[in-house]
Each structure stands twice: as structure tokens, then as C-alpha cells.
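K.L.:
Sequence:
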Amino acid sequence: MSEPITAKCPPRFNYAAMSVPEELLDRKGRESPLRFYAEVFGWSEMPTLTEDGKHLVLRARSNEQFVFPVGDTDPMRCPAADHFDSSAGTPAELDELLEWAEGVGPDSQSGS
Numbered sequence: 198m199s200e201p202i203t204a205k206c207p208p209r210f211n212y213a214a215m216s217v218p219e220e221l222l223d224r225k226g227r228e229s230p231l232r233f234y235a236e237v238f239g240w241s242e243m244p245t246l247t248e249d250g251k252h253l254v255l256r257a258r259s260n261e262q263f264v265f266p267v268g269d270t271d272p273m274r275c276p277a278a279d280h281f282d283s284s285a286g287t288p289a290e291l292d293e294l295l296e297w298a299e300g301v302g303p304d305s306q307s308g309s
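Quick note, the sequence shown lines up with residues 198 to 309 if you use this note's numbering.
Keep in mind that the hints are not guaranteed to be accurate.
Computed spacing ranges between beta-carbons, pair by pair [claimed, not checked]:
{"hint": "1", "residue 1": "Leu221", "residue 2": "Glu290", "range": "26 to 34 Å"}
{"hint": "2", "residue 1": "His280", "residue 2": "Glu220", "range": "20 to 28 Å"}
{"hint": "3", "residue 1": "Asp271", "residue 2": "Glu293", "range": "17 to 25 Å"}
{"hint": "4", "residue 1": "Ala289", "residue 2": "Ser216", "range": "31 to 39 Å"}
{"hint": "5", "residue 1": "Ser216", "residue 2": "Pro288", "range": "33 to 41 Å"}
{"hint": "6", "residue 1": "Ala285", "residue 2": "Lys251", "range": "27 to 35 Å"}
{"hint": "7", "residue 1": "Glu242", "residue 2": "Asp282", "range": "19 to 27 Å"}
{"hint": "8", "residue 1": "Ser241", "residue 2": "Glu290", "range": "29 to 37 Å"}
{"hint": "9", "residue 1": "Met215", "residue 2": "Leu294", "range": "19 to 27 Å"}
{"hint": "10", "residue 1": "Gly286", "residue 2": "Asp249", "range": "19 to 27 Å"}
Just so you know, the hints here were simulated from the structure itself, not pulled from any lab data. C-beta: ideal position from N, C-alpha, C; glycine also.
Using the sequences and the hints, build the whole thing.
P.N.:
Put into C-alpha cells, the structure is as follows:
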């Protein structure tokens, strides 16, 4: 077995792309996901790169880190074990984020 790679800067998230239903990416369809991802993860739309019904570009921490949903008539389907992971600075921050997300997620009653 070879030695692990050492670098001055560890690898980091560049981008993630996934196919989603096309209607989720039209002007009306993307309102709710944009609000959710902005409020939960701090991601913001890069409107000059977004094309209605085709793709959406969400800036994560920098212009080099983004999430790229692509509209498709046959979008990806994820089994229950597939997931996206993120972290919080402290357990209290995680609890606060979870409480907030449960209150505004797609199955919540408040919707705000």
C-alpha cells in the first residue's frame, strides 16, 4: 500500500451535479428550493448561469464550490441510503439547524 498523499491544502468539495424533474427548475418551480437551500445551507443562485427548466447553479462557499441541478425527463432516483452530508460547528448549531429545517422543510405545516 502506498503512503497517503500529503498536501498543504486538503482536497475540498468542488461541485455536485444531479438530475431533477425539469419543472423543478422553471422560474416558479425553483422558488421553494432556492429559499430552502439559501436559508439552510447559505447557498445562493448564480442567476447568470441558471437556465429556466434546464439547469440551476447554486453557489456554495465560493464560485469554485457549487451545486448543479440539471433538468431531466427521467431524473435520478436515490435509494434511502444515498445522501448528502454537511457539518455544523457545534452540537448546539446542529440542533438549531435541524429544528429550523423541520419547520420549513417540504413536509412541514408552516412553509416559512
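K.L.:
Of the numbered hints stated earlier in the document, which are not met by this structure?
P.N.:
Checked against the structure, the hints that fail are numbers 3, 8 and 10, while the rest are satisfied.
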